[in-house]
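Work out the full structure: start from the sequences and follow the hints.
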Amino acid sequence: MRTFDFDFAPLWRSTIGFDRFFDLINETQHLEVDNYPPYDVLRTGEDSYRINLAVAGFTPDEISITAQQGKLTIAGRKMQSAPKTDQELLYQGISARPFERTFSLDDYVEVQGASFENGLLQVDLVRRVPEAMKPRKIAIGTGAAQPKLKAAA
8 MRTFDFDFAP LWRSTIGFDR FFDLINETQH LEVDNYPPYD VLRTGEDSYR
58 INLAVAGFTP DEISITAQQG KLTIAGRKMQ SAPKTDQELL YQGISARPFE
108 RTFSLDDYVE VQGASFENGL LQVDLVRRVP EAMKPRKIAI GTGAAQPKLK
158 AAA
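Residue 38 in the numbering used here is what sits at position 31 of the sequence shown, and the numbering runs on without skipping anything.
Because the hints were derived from the structure by calculation, they are not lab data. Treat the hints with care, since some could be wrong.
[Claimed, not checked] Listed next, with one range per pair, are the computed distances between beta-carbon atoms:
1) A139 - T66: 18 to 28 Å
2) Y98 - M140: 48 to 58 Å
3) T66 - M140: 38 to 48 Å
4) I101 - G77: 30 to 40 Å
Just so you know, even glycine gets a beta-carbon here, dropped at the ideal spot from N, CA and C.
Next up, the structure:
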């Protein structure tokens with residue numbers, strides 16, 4: 008697979024406030040690809056999302072979910088159980104290796120909850136934009152309603 012390194016220096020000169028965006032692009036270029044465990048990201052509403060993570064072989068006690076500063080981290084680690092003497096493992100196809108999957112969250116996206124059913128971990132996310140940050144309509148006044156400015160002497 009080919010990887011390309013891009014120089015974002017020209018964009019830095021003409022954009023303001025996109026530092027985090029360019030850092031995210033640079034991060035994704037240099038990440039190792041690990042497809043375990045597989046996952047889906049779904050849009051369940053206008054401002055709501057769900058991450059489905061296939062974690063067969065894990066119990067809810069062996070999985071931790073942490074949301075911190077724009078990142079959601081889901082990690083799993085199998086607890087060591089005492090080997091059963093009456094069973095012999097002939098083939099192990101269900102992976103029991105530890106994992107850590109990190110998702111970058113947009114501003115104002117919060118984890119609403121998580122559930123575990125039939126080997127599928129579901130994490131519900133919602134975007135809650137504060138009223139002060141939402142777009143608002145600005146009324147345009149007429150010349151008579153505008154305050155008069157005093158001329159400088």
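Evaluate the given range 48 to 58 Å for the C-beta pair formed by Y98 and M140. Holds, since Y98 and M140 (Cβ atoms, about 54 Å apart) stay within the stated range.
Quick one: are I101 and G77 within 30 to 40 Å, going by C-beta? holds, 33 Å
Range hint 38 to 48 Å (beta carbons of T66 and M140) holds or violated: holds, 40 Å
Between A139 and T66, does the C-beta distance stay in 18 to 28 Å? violated, 42 Å
In terms of the numbered hints stated before, the structure departs from hint 1 and from no other.
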